[in-house]
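Student: Here is how the chains run, residue by residue.
4 protein chains.
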Amino acid sequence: MNTFGKRLTLTTFGESHGKAIGCIIDGVPAGLQIDEAFIQSELNRRKPGKSKLETGRKEDDKVEILSGVFEGVSTGTPIAMIIFNTNQKSKDYENVKNLFRPGHADFTYFHKYGLRDYRGGGRSSARETAARVAGGAIAKLMLRELGIEIQSGLCEVDGIKAESIDFEYAKNSKLYALDPNKEKIQEEAILTAKENHDSVGGVVLTTATGVPVGLGEPLYYKLDAVLADAMMGINAAKAVEIGDGVASTHLKGSENNDEITPEGFKSNHSGGMLGGISNGDSIIIKTHFKPTPSIFQEQDTVTTANEPVKCNLKGRHDPCVAIRGAVVCEAMMALVLADMTLLNMGRKMEHLRTLYSRSN
Amino acid sequence: MNTFGKRLTLTTFGESHGKAIGCIIDGVPAGLQIDEAFIQSELNRRKPGKSKLETGRKEDDKVEILSGVFEGVSTGTPIAMIIFNTNQKSKDYENVKNLFRPGHADFTYFHKYGLRDYRGGGRSSARETAARVAGGAIAKLMLRELGIEIQSGLCEVDGIKAESIDFEYAKNSKLYALDPNKEKIQEEAILTAKENHDSVGGVVLTTATGVPVGLGEPLYYKLDAVLADAMMGINAAKAVEIGDGVASTHLKGSENNDEITPEGFKSNHSGGMLGGISNGDSIIIKTHFKPTPSIFQEQDTVTTANEPVKCNLKGRHDPCVAIRGAVVCEAMMALVLADMTLLNMGRKMEHLRTLYSRSN
Amino acid sequence: MNTFGKRLTLTTFGESHGKAIGCIIDGVPAGLQIDEAFIQSELNRRKPGKSKLETGRKEDDKVEILSGVFEGVSTGTPIAMIIFNTNQKSKDYENVKNLFRPGHADFTYFHKYGLRDYRGGGRSSARETAARVAGGAIAKLMLRELGIEIQSGLCEVDGIKAESIDFEYAKNSKLYALDPNKEKIQEEAILTAKENHDSVGGVVLTTATGVPVGLGEPLYYKLDAVLADAMMGINAAKAVEIGDGVASTHLKGSENNDEITPEGFKSNHSGGMLGGISNGDSIIIKTHFKPTPSIFQEQDTVTTANEPVKCNLKGRHDPCVAIRGAVVCEAMMALVLADMTLLNMGRKMEHLRTLYSRSN
Amino acid sequence: MNTFGKRLTLTTFGESHGKAIGCIIDGVPAGLQIDEAFIQSELNRRKPGKSKLETGRKEDDKVEILSGVFEGVSTGTPIAMIIFNTNQKSKDYENVKNLFRPGHADFTYFHKYGLRDYRGGGRSSARETAARVAGGAIAKLMLRELGIEIQSGLCEVDGIKAESIDFEYAKNSKLYALDPNKEKIQEEAILTAKENHDSVGGVVLTTATGVPVGLGEPLYYKLDAVLADAMMGINAAKAVEIGDGVASTHLKGSENNDEITPEGFKSNHSGGMLGGISNGDSIIIKTHFKPTPSIFQEQDTVTTANEPVKCNLKGRHDPCVAIRGAVVCEAMMALVLADMTLLNMGRKMEHLRTLYSRSN
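Chains as they are written, first to last, in this note's numbering: chain A, 11 to 370; chain B, 11 to 370; chain C, 11 to 370; chain D, 11 to 370.
Please keep in mind that the hints were generated in silico from the structure rather than gathered at the bench.
Hints are supplied without guarantee of correctness; some may be wrong.
Said to hold, decoys possible - Between beta-carbon pairs, the in silico distance windows are: (1) T96/D x K181/A: 41 to 51 angstroms; (2) F48/C x E173/D: 18 to 28 angstroms; (3) K171/C x G82/D: 51 to 61 angstroms; (4) P318/B x E46/C: 34 to 44 angstroms; (5) T96/D x E360/A: 24 to 34 angstroms; (6) G66/D x F48/C: 38 to 48 angstroms; (7) D45/B x S367/C: 34 to 44 angstroms; (8) K181/D x D45/B: 34 to 44 angstroms.
Quick caveat: nothing in here was measured; it's all calculated off a predicted structure.
We put the beta carbon where it would ideally sit given N, CA and C, even for glycine.
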């Protein structure tokens, strides 16, 4: 249950304030150049404390490869990666030890398991997403060799929507803003909420280009369904849209269908998928993140003994989780597309004959 | 890849115009009373041709249980169910044999597999969802014994939103309308589109009550993620929202958090889940369906040889797939909750001791 | 739990005396010619009543394909096959309704599930293996296109061992005997046991030729381990040997190692595998079947209420299950090798580049 | 493919001469006391260099728990464990860098993946089994709370068979010998082979007591089949027997059936399973290990360029892998039984009602 994917799998472990977090990524084809600097750079994009838009918790997030790579190249065996936790302030959590923070998983973990690691959310902390980013980086390296590129950015912050989309711009934006003209007011919205000891939501747009026709396995491992699973499973995600998503519901069939020409589709309302299989157009997906549940206003809650109590949080928290969420969305999309790419091998008898005639 | 679920699994087979469709549902606990009339009644709710809001294809959808039930009770072995296809008009599809219908999976299946069963979409047809409904009915029977009930209805048709929600009313509405005051204009919107040889979208609201705290397996089989997978995998689904979904993105953390009291949560913005685990409140999920891609207006497309051609569809099609989609949403939610219920067994050492002390 | 395989999966359903048995085989590559006559001929090899060495139950075992094949070719969608039960004499089992037949699964099914379908063993009956043979036939068709052939025969009956191995001879032998010189005394041993209302054991040798180097997925889906799983899972199997198996335990390392020359291995003690991966030599596996537990001598047993009672069986039973077990061993080996062949796709980056450069 | 189990899963990583080996064990129920000293003691039983019957490679095999345990108790989240490699003499392998050691996986890994980590067998090294033992120790802790105990020992070395079985004695025997009267000559056989630069095979008997009726999931996750998978997957295993195994093939049905009385079975030919489900008797399984392929005699082999060459090994190797294999057999049996125990939860509706009525 801590494993994602079928043919390329990511298994993660670790708690927010434990010794380490990490992952095992299994099924990576042999012969892939493993660029460690790239993996680290992906982790750096996600790591906290880069600006005042993010939590003040400072983690190096230095990743170490333990296995599966020999002389710089993947060997086909499982790649284990580990990130030691260094900046744990468990004491920040002493006061929430016996109560449930509203909007957090404290309540459900405690009731499900009969106990919980209360330090920083334990396993339910978004800190675990660092392991996803490490795994996603490997997937990106594989996809890159096939010409598939993944990009992301924020198309909405606190209700302020992007009116233009510039993925290149987003890369260097502190809040991964897609619209240069909205970046400033989006940033202000975040800082205002922070000053008010509050938080805001946001929407991440993730895209993949260079995707061939045919990724996605009907009927219960469709590309759209698995992307929805991947994105909704990220901490704080509350809605996922494929292509035009909600908006397509308001169109007529004659408006929403993407007509086809010998040069390709006339439009891309579908977000690059038909019947849950990629159609060769860009994959487009939106992930909606709720405002960070960790706020610094007093809230009603109960203790583990179900007695009413006031919750007053300490610690360090992102005022807008969607920002760092963008990097995680990319990682999850990379993992899904890499998995689908491998599952796609051998779907035709012709594939088998080709690879067998090449002496396997 | 044609199997859904981990502990309770549904495996389906069959094409729109083949001999039969059906499913195997595996993992059902022994000792469940199997009410065949209920299973048939669920299929009847989904079956086409009940009103002019639906496709004219008439199928009896008579389900037959082949295994796994002895003397009216489940035995713990796989339950196979079969529905023979009776009203296949394959000739309707002769004219689309060599072209791709816009908005359909024809294009992607052909390119993925190098061939396709062109009759009515073959495997990609929504006809396959009858098998899901049969499986979902078994899941509902199991959940019902535990006090879990699932309901659904349309909260939006062609952009016309419900302003009140009445699940009981929806049950007897031709379009499963949740708001009695909107039903008439929603119906008119569908019929107007139909007259214009066009189609409309819609949104299904699905809910489950009586769900205990604790369903959902962190971190890669969370309840919200798996529900998103289940719903997005239904034909024509383009967006999924959990609880307040998109709207929660526009709230502040202080507005969106569900505060907790000894009597329970003060609100249910979260849709009954925290950290991907059910919190005891009602599960709430919205599924957005695009307008039916099968329309009777001329559209541009290409042949299998990539030559431009006009697509003029014949046949019988739903003007609003969301209507019958509602029944499928219920089935998928039932399958997810039943799977999660079984996975939830044995999560505490205390469970093992309890069942072992009872002579296993 | 009723599904075998990872990438090519077989899911079976059905009880001995229910309406039908059958299977869904999923993951078959598109474009495979499906030779229905071959599938039926495989079922005929397994079906009972061909000689007095087998049970007198006569079943046509007529297989019908319900889906996944269009115009004689696999489409990449799940292939469902069904075999209706025709010669059910449930009355034969009325007298064992409330007791447990020694050596049978009655005792364990009843205690595991709290009830059981007592007619002919229900799900635990070897009748289910017909579904395996149907699925295995599809796997054989796929392997055949890649030059992989599977053969089997009995190398031991009631302790009488074959001294020579002739797979061609075995094909036309009533007891699939591998040694023409032992066939007669092996047959006599079976008939003598039958006259004594008793039964005998036997050993099946199964081999695959034309297997390329590289099948098998380390470390927990090794070819030898999965073959052991597949063979031990057949009704009445009690031991599995790979290559020299038990005998290799008595050799020194210097005797047991297969030395390597540029032309290949000098010997094949290993049974065609090293480290759980095929080495290009013939796959060799032995499966030991216990004597049929259904005998016609009075035996001590208990009722479902745990009261002592005498068990006197009626009905029709094989005096040596190993005979028909040989056909099942072939089917299971075919399923394993086909699964491994598909899993083997994409294990090198070079594969991905090759198939992508061919426009996927 | 590096994951074992379904409900309780073990995922391992690491190469013989890489930085570390380790595992993630997922699905452990919350509330289990994690006795770290016990885990370490299990690793100590397997670790090399304890006597001259074993390889001279000295590894501390100090295990460290990284996650999943809080205040000494399992939390229900994945338990990651790591063992750093300390005594790597990679130089020992420089001379085999470009050739394939007979009887080893070098040949198959190289051809499967197009490259290999040649240092000590890389991933295919038996060193990986330390991770299995760590995971198995957790499984044993869980089983112990339910009264299930697992024991093992050698019942045969170099063809010298035990005539009596004493599991308690085996615990303190250097070669885990089950028969005190044979220990000495078995030891001598090993040392003689070692002096001759050769190696010997052996057979491990593994048993579990206290197993309830009902473990094992028909039809494709039977207890016997999964145990066969587990044991055959251990390095150097070549045959697996359940209960009387090979010997049962030589009995008549009337001799081999275990008759039943109100007090239990009269005999245990079956090895504690019927129809692949545990019957409440002791589980008995034999695993046959080939002689260690690493010998110090010159052998014929080829280079990676397929040129003939002589193989002369250096390094340190066990003269009889079966000895340390015994500890691994126990670990694998523990993992299988723990997995089956968890899968067994929820197989009856009664279970669901019991646990739900206890407020879940």
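Student: Compare the structure with each hint and give your call.
Tutor: Here is what the structure says about each hint:
| no. | hint | in the structure |
| --- | --- | --- |
| 1 | T96/D x K181/A: 41 to 51 angstroms | holds, 42 angstroms |
| 2 | F48/C x E173/D: 18 to 28 angstroms | violated, 51 angstroms |
| 3 | K171/C x G82/D: 51 to 61 angstroms | holds, 56 angstroms |
| 4 | P318/B x E46/C: 34 to 44 angstroms | holds, 39 angstroms |
| 5 | T96/D x E360/A: 24 to 34 angstroms | violated, 50 angstroms |
| 6 | G66/D x F48/C: 38 to 48 angstroms | violated, 56 angstroms |
| 7 | D45/B x S367/C: 34 to 44 angstroms | violated, 56 angstroms |
| 8 | K181/D x D45/B: 34 to 44 angstroms | violated, 55 angstroms |
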